[in-house]
Structures are given as structure tokens and as C-alpha cells.
Amino acid sequence: MRLNISLLLVLLLSCMAAADTVYLVRHAEKQPQGQDPALSVCGKQRADALADSLAGVKLAAVYVTPYQRTQQTAAAVAKQQQLDITPYDPRQPEVLVQQLKALSQPALVVGHSNTVPQLVELLSGIAMAPLTEQDYDLLYQVKLTAPISVRISRQNFRCR
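Sequence positions in the sequence shown follow mature numbering (1 follows the signal peptide of the UniProt record, and there is no 0) and run -19 to -1, 1 to 141.
One should not assume that every hint holds.
Here are the in silico distance ranges between beta carbons for each label pair [claimed, not checked]:
1) Gly37 - Pro13: 26 to 36 Å
2) Thr126 - Gln14: 13 to 23 Å
3) Ala36 - Ile133: 12 to 22 Å
4) Ser85 - Glu114: 34 to 44 Å
Below are the EDC-like pairs computed for lysine to aspartate or glutamate, each with C-alpha atoms no more than 16 Å apart in a straight line [to be verified]:
5) Lys82 - Glu102
6) Lys39 - Glu75
7) Lys39 - Asp17
8) Lys60 - Asp33
9) Lys60 - Glu102
Hints were generated in silico from the structure; no laboratory data involved.
From the three backbone atoms N, C-alpha and C, an ideal C-beta is built for every residue, glycine too.
Put together the whole structure using the sequences plus the hints.
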């Protein structure tokens, strides 16, 4: 009987330990030139606005690609939440998806115009429209618990 109760408890805790939400965003505006451009002034402002918009969400992790623009977009959020920034390989999205599903709290992923819709689709099974080079203001919120859903919100941000 004790074994059955222990087994049931472990099973329940493992179900509860799964992250229920993943936030995904494309990096903010970047400098127009270079192989690995930094954020522009407007991009830095947008990164700060992202931190403000996620201030009420307790994140478990912040994932970025190995490029300055994603790292700089995530920096204000990571600092505010006292989290390290974790790099991921955008060529292996399935690996990141497994890591995200194993988390116990929500996470933020900062990617690119070609990787964010792909990750949303892998997480949710819901096809996403591609992003254009001008799409910097979309925040995807993927709810992983049944029923799985995707909420796309437009950040109300204007460069100063």
C-alpha cells in the first residue's frame, strides 16, 4: 500500500512539475550591418520594455541563440529575474523543446524571424505564419497544458 501511495505521489508531482507556459519573442531591432550585429538604440529600448511586460511572470529560464542580438534582447529580463542566460542551438530546435517541456516554471525564448514560428509550432502543434523582417513586436505565449493554446500579443512599444 505504501509503495502504491509513493508511486502515485511521484506520478502526480511529475505531472505538476511541467512548465505550463513558454514565452517566445524575436530579438529586438538590430544595427543594420555586421555578421553579428548588436541591438540598435530602439532595440535596447524594446528589450527594456520586454522586461517590464514580463515583470509579473516568474521565469525558470531564459534561452537565447549564440548571437549578440538575442542575448542583448534577453539581458534585461534575465537581470530582473536574476537568471543566467542559457544559449541554445537554433539548428536543433527539438532539443530546446524537450528542455522547455521539462521545466517546472515558465520560460522565455529569444530567437529569430525564422526560428520563433518553428519553435511555437513544435511546442503547440499549431502552424504559425512566418515573421517578416519588420516583426519585432510579437510576443508568443504557448500554454502547454491541455488544451494547448497559443496567444500572440503585440507589444505596445514605440521607440523614443
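Evaluation of the provided hints:
| no. | hint | result |
| --- | --- | --- |
| 1 | Gly37 - Pro13: 26 to 36 Å | 34 Å, holds |
| 2 | Thr126 - Gln14: 13 to 23 Å | 43 Å, violated |
| 3 | Ala36 - Ile133: 12 to 22 Å | 20 Å, holds |
| 4 | Ser85 - Glu114: 34 to 44 Å | 35 Å, holds |
| 5 | Lys82 - Glu102 | 14 Å, holds |
| 6 | Lys39 - Glu75 | 24 Å, violated |
| 7 | Lys39 - Asp17 | 30 Å, violated |
| 8 | Lys60 - Asp33 | 12 Å, holds |
| 9 | Lys60 - Glu102 | 28 Å, violated |
This entry does not satisfy hints 2, 6, 7 and 9, going by the numbered hints stated previously.
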